[in-house]
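Chains as they are written, first to last, in numbering that gives the first Met the number 0: chain A, 0 to 351; chain B, 0 to 406; chain C, 0 to 298.
FYI, nobody ran anything at the bench for these hints, they're computed from the structure. Heads up, the beta-carbon is just placed ideally off N, CA and C, and yes, glycines get one too. Mixed in with the good hints there might be a few duds.
With beta-carbon atoms standing in for the labels, derived distance ranges [claimed, not checked]:
# : chain 1 : residue 1 : chain 2 : residue 2 : range
1 : C       : I12       : A       : E155      : 28 to 36 Å
2 : C       : R181      : A       : G292      : 40 to 48 Å
3 : B       : S236      : A       : S42       : 26 to 34 Å
4 : B       : P291      : A       : A151      : 52 to 60 Å
5 : A       : M120      : B       : R70       : 38 to 46 Å
Which residues of chain A face chain B? A few of them, derived with a C-beta cut under 10 Å, are [as the list claims (entries may be wrong)]:
#  : residue
6  : G80
7  : L213
8  : L217
9  : D233
10 : S235
11 : A258
12 : D286
13 : I290
Each chain, letter by letter, is given below.
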Amino acid sequence: MTVHAEKPLQPMIPAGQAVLDVRGLTVEYATGAEPVRACTDISFTLRRGEILGVAGESGSGKSTLITALTRLQRPPAVTTGGEILFHGRDGAKPVDLVTLDGRQLRRYRWTALSIVLQSAMDALNPVMRIGAQFADVLRAHDRTLGKRAAWARAEELLALVGISADRVRDYPHQLSGGMRQRAAIALALACRPELVVMDEPTTAVDVVMQRQILAQVLRLRRELGFAVVFVTHDLSLLLELADRIAVMYAGRIVEVGEAAAIYGAPKHPYTQGLRDSFPPLHAPLRDLHGIPGTPPDLRRPPAGCPFHPRCARRTDGCDERLPLLLPVGRDAGHEAACLLNETDGDHGGETR
Amino acid sequence: MSKPAIETGSTDNASTDTASADSTSTATRRARTAKDPKNPKAAKDRHPEEPAHTPEYVLEARDVSKHFTVRGALGRTTVVHAVEDATVRLKPGQILALVGESGSGKTTLARMLARFHEPTSGEIVLRGEAVSRSGRARRGYHSEVQLIFQDPFGSLNPMHRVRYNLDRALRLHHRHLTAAEREERTTQLLERVSLTPAAEFAAKFPHELSGGQRQRVVIARALAVEPKVLLGDEPISMLDVSIRLEMLNLLQRLRTEDGLALLYITHDIASARYLCDDIAVMYAGQMVESGPKEAVIASPQHPYTKLLIESSPDPERGVGDREAFFAGADELGEPPSLIDPPTGCRFHPRCPFAMKECGEQAPPRAELGDGHWAKCWLHARGRAGELADTTHAAATAARREALQGAS
Amino acid sequence: MRTVFLRSWKVRIGLAVLVFFLLLAVFGPWLTHSVFGLDPRANDTSAISQSPGDGHPLGTNQYGQDMLAQVVAGARGSMYVGVLGAVVGTAIAILVGVPAGFYGGKVDTALNFVTNLFLVMPTLPLVMIVAGYLQGTGLTTIALIIGFFGWSGGARTLRAQAMSIANRDFVRAMRMLGERGRRLVFAEVLPHLTGLIASMFLHAMIGAVMAEAGLAFLGISDSSSISWGTMIQGAQQQSAVLRGLWWWFVPPGLCIALIGTAAALVNFGIDELANPKLRAARPATVRRTKQLARTGGAA
Chain A
0 MTVHAEKPLQ
10 PMIPAGQAVL
20 DVRGLTVEYA
30 TGAEPVRACT
40 DISFTLRRGE
50 ILGVAGESGS
60 GKSTLITALT
70 RLQRPPAVTT
80 GGEILFHGRD
90 GAKPVDLVTL
100 DGRQLRRYRW
110 TALSIVLQSA
120 MDALNPVMRI
130 GAQFADVLRA
140 HDRTLGKRAA
150 WARAEELLAL
160 VGISADRVRD
170 YPHQLSGGMR
180 QRAAIALALA
190 CRPELVVMDE
200 PTTAVDVVMQ
210 RQILAQVLRL
220 RRELGFAVVF
230 VTHDLSLLLE
240 LADRIAVMYA
250 GRIVEVGEAA
260 AIYGAPKHPY
270 TQGLRDSFPP
280 LHAPLRDLHG
290 IPGTPPDLRR
300 PPAGCPFHPR
310 CARRTDGCDE
320 RLPLLLPVGR
330 DAGHEAACLL
340 NETDGDHGGE
350 TR
Chain B
0 MSKPAIETGS
10 TDNASTDTAS
20 ADSTSTATRR
30 ARTAKDPKNP
40 KAAKDRHPEE
50 PAHTPEYVLE
60 ARDVSKHFTV
70 RGALGRTTVV
80 HAVEDATVRL
90 KPGQILALVG
100 ESGSGKTTLA
110 RMLARFHEPT
120 SGEIVLRGEA
130 VSRSGRARRG
140 YHSEVQLIFQ
150 DPFGSLNPMH
160 RVRYNLDRAL
170 RLHHRHLTAA
180 EREERTTQLL
190 ERVSLTPAAE
200 FAAKFPHELS
210 GGQRQRVVIA
220 RALAVEPKVL
230 LGDEPISMLD
240 VSIRLEMLNL
250 LQRLRTEDGL
260 ALLYITHDIA
270 SARYLCDDIA
280 VMYAGQMVES
290 GPKEAVIASP
300 QHPYTKLLIE
310 SSPDPERGVG
320 DREAFFAGAD
330 ELGEPPSLID
340 PPTGCRFHPR
350 CPFAMKECGE
360 QAPPRAELGD
370 GHWAKCWLHA
380 RGRAGELADT
390 THAAATAARR
400 EALQGAS
Chain C
0 MRTVFLRSWK
10 VRIGLAVLVF
20 FLLLAVFGPW
30 LTHSVFGLDP
40 RANDTSAISQ
50 SPGDGHPLGT
60 NQYGQDMLAQ
70 VVAGARGSMY
80 VGVLGAVVGT
90 AIAILVGVPA
100 GFYGGKVDTA
110 LNFVTNLFLV
120 MPTLPLVMIV
130 AGYLQGTGLT
140 TIALIIGFFG
150 WSGGARTLRA
160 QAMSIANRDF
170 VRAMRMLGER
180 GRRLVFAEVL
190 PHLTGLIASM
200 FLHAMIGAVM
210 AEAGLAFLGI
220 SDSSSISWGT
230 MIQGAQQQSA
240 VLRGLWWWFV
250 PPGLCIALIG
260 TAAALVNFGI
270 DELANPKLRA
280 ARPATVRRTK
290 QLARTGGAA
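Isolated chain A, as found in the complex (with noise of 0.2 Å):
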């Protein structure tokens, strides 16, 4: 059941501008005597209402990523260098995150940036009733509005996410998994931001209610316009979802492009086997073996590139040079990081 809570507040932005332009983010944990680096010169570039996916497996430095995009990041992490610049809707000067402290982020945070957590349980209050925590929010960022007419605001935000308004005085154990996560949804998009970054927020439900969770991710996007960057170990789920994606792997993007191309021509040896890793549903079976090996210790990371040491189809020189992101194959945007798409284009091709 569909709940069509209202218009949307403005009309749909035109696709292809930026909402979050991300320059050489890196990312280090101070513990240890040597610093570790857990992103490295990450660069991306959000557009408004677009769903960016982010793949990785353990170790790849999604979750730093993450809480360097969203400012939420404790020591000992510390962003070392690069930008995060968010535009704004109202068209000023786009701000460099990175640089804005405690109270001046507070300002950002529900109404331009919000999160949704991998378990709803760690985003709702387990004393509070839901609709209490969402009359907080909604507050906070709106000190005219009323405690009723929060109350009621609360109401026609669960609706957004299929939940009944009566479920509004319940506490967040009441709920069932999927509507706890549903419910956080709703409360992260509760002061109409423009980027929603969520991380992994189906890993903790069955597949019926991720399903259903990203039917409503793609139908409020649609309707409200925020952009998202989708986080997850996942990638047949992105492949699904995302508009574009980026792999991670060791800390830095590897590979980035849109979904149809990641899918049907991986440049990278490591997106090639992770999309290999997934059997498939109904395709004839294959014998199929994932990627051999384990992710690099970032406290040691392998020389040259960090793939190498599980790479199939590693040559002279992987060892040795750092690949850079670089354009490859025929669409536009599509970059991959690989001294096999450096050398000769034509070698980028797959290998089953």
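With chain A held as given, fit chains B and C onto it using these hints.
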């Protein structure tokens, strides 16, 4: 697979004899033959009746139910019907996938098969014999059935080295082995699960290993017992995507080399299809459909199975029309409460094909040939064809419109 | 792990103080006797209630006994009671709490009942009754009584911890492997409780030292044995505070306070070890973080 059991009079060897002439398995077989005279279990297997009939199934759960009693705040007790009359049968060398949402009872069923819980009713049958509840029987049982836990970070004691885990398993189940022999077996086991160099891995602590390596240690520890059945409770769901397939391939290899039977519990249908022979689908504590995997996945005969398959991400479906793919998926409903489950078919409140009888009476089991069956009224009413014609989302939408039109 | 433990200054100071008092308890009396020629029981009739000075670095008491020698001998007495009481109390707590939590069911019901009984029992009056009932209360008896009545809180904590560990997958896995109960307790569960037990032991030790002092203060002690408690009691009986004879009660009181502080410091370290979250904002980490933010990272 049934031939050698009669000749040797010991089902112990039945499964190993099907194994290929691979060197590892030959070594294991030799070791097993050597162990037999001293092994009370093997002696028991030479029971006079045994050669006469070799049970077809190595492990069965027959109509098992599990009800948990939960005491509420005001001393009120509620009963959670976690599993209701579920039957699972495993043949030697068979891989059966048990799929369902969380709360469908699949993990509770696995834990009953691993004997962490005693069934409220029904029985667990190991090679044709109902297992007793005594502690002594439990140990014998666990020398044949081992469970692989979901979380490789939780199922290894962080205080013990890899060697300790394997050594304890060998010590407990192969008492006649000398220290040197155990050391040799430890090396063999680690090599079987591709943890080489074995000596290096044996000396490591769990925190020095990656998730995949830990799960391999857990599997090696279970193998040290030389079980006939492995129960895998979502054994790959906590692992990195890129190494999951290697784990599935390892389980597949154990099946072909050792003739291990495997119950693979998962919510990931694609991985179930990759690994298993047959699929059983659970919903709200009950079995709703079972059959050969391709039959079940290609043409699901229960609306819930259909919903599950349609909801699973499939990279091969490709980057098609996203809007079309997600259309109607906005409201797929939620699994019911197990405290007060729906009457009749437990899926009927979510089912777009539901009829009057669905809410009144549990559906009968419809045999569809080739071991494929489903419990759904559509079959009894001759409406089964509708399942293939539409998608769950489309059917739900159509039903909603029909309801709105009527009111 | 060990190095992390010792890296904390709290732990180092605490351990140093504890080791100092232990050494004092073991070797001190011999040292004061052979090196300084002081005997805690020798009455120097020429110097009664003398203030600190020549010959008697810490003065003397009303019998002309040297206070330094008394403090050192008292260290032995108090530490003896502290360690023995803690050993007894901790041992009972482990024997009651761990099986209760690990086995659950009827075992738990029974053991938990006993624990609760001891928990709600008014310990002090009971100790006094028992101590009064047992004629001739030597330090050993006092220690045993303290240990016997002071284990219930620890047992409860251990029970809760053992219960949660018993339900962890690795214990389930080892049980499935056929590992028997006792071995599971000793090889799988107890190693995870060592931190807690160590911390409990230190707590129990401070508790026993203080309890002994308290009992002695109330007159329940063996007047012939020397401990910090009997010294303070002696001072109290002679109204040392009113008479300004500070050297009678300050040294033993200070020693008790020092041991308490040291044990608490070590406990901080154990807590940090057991719960890394408490360690997150260690000064060194904060400093490194700030430095990294300033320099803009490693080139």
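Legend entry - L217 of chain A as an interface hint toward chain B, with CB separation required under 10 Å: Holds, because the Cβ-Cβ distance from L217 of chain A to chain B comes to roughly 5 Å (cut-off 10 Å).
Inset, instruction - Starting from the hint 52 to 60 Å, judge whether the C-beta atoms of P291 of chain B and A151 of chain A obey it. - result: With Cβ atoms ~54 Å apart, the hint holds.
Legend entry - Given hint I290 of chain A near chain B, where the shortest CB pair must fall under 10 Å: holds, 4 Å
Legend entry - L213 of chain A as an interface hint toward chain B, with CB separation required under 10 Å: Hint on L213 of chain A: holds, closest Cβ of chain B at ~6 Å, below 10 Å.
Inset, instruction - Identify whether the interface hint at D233 of chain A stands, where standing means a beta carbon of chain B within less than 10 Å of its own. - result: Holds, because the Cβ-Cβ distance from D233 of chain A to chain B comes to roughly 7 Å (cut-off 10 Å).
Inset, instruction - Using the Cβ atoms, figure out if M120 of chain A sits within 38 to 46 Å of R70 of chain B. - result: The hinted range 38 to 46 Å is violated for M120 of chain A and R70 of chain B, with Cβ atoms some 23 Å apart.
Legend entry - Assessment of proposed distance window 40 to 48 Å (beta carbons of R181 of chain C, G292 of chain A): holds, 41 Å
Inset, instruction - May I ask you to test the interface hint for G80 of chain A with respect to chain B, counting a Cβ-Cβ separation under 10 Å as satisfied? - result: violated, 28 Å
Inset, instruction - Verify the interface restraint on A258 of chain A: the C-beta must sit less than 10 Å from at least one C-beta of chain B. - result: Holds, because the Cβ-Cβ distance from A258 of chain A to chain B comes to roughly 5 Å (cut-off 10 Å).
Legend entry - Hint validity - D286 of chain A Cβ closer than 10 Å to any chain B Cβ: holds, 8 Å
Legend entry - Pairwise beta carbon distance, S236 of chain B to S42 of chain A, judged against the given window 26 to 34 Å: The hinted range 26 to 34 Å holds for S236 of chain B and S42 of chain A, with Cβ atoms some 33 Å apart.
Legend entry - Interface hint status, S235 of chain A versus chain B (Cβ within 10 Å): holds, 4 Å
Checked against the numbered hints above, the structure breaks hints 1, 5 and 6 and satisfies the rest.
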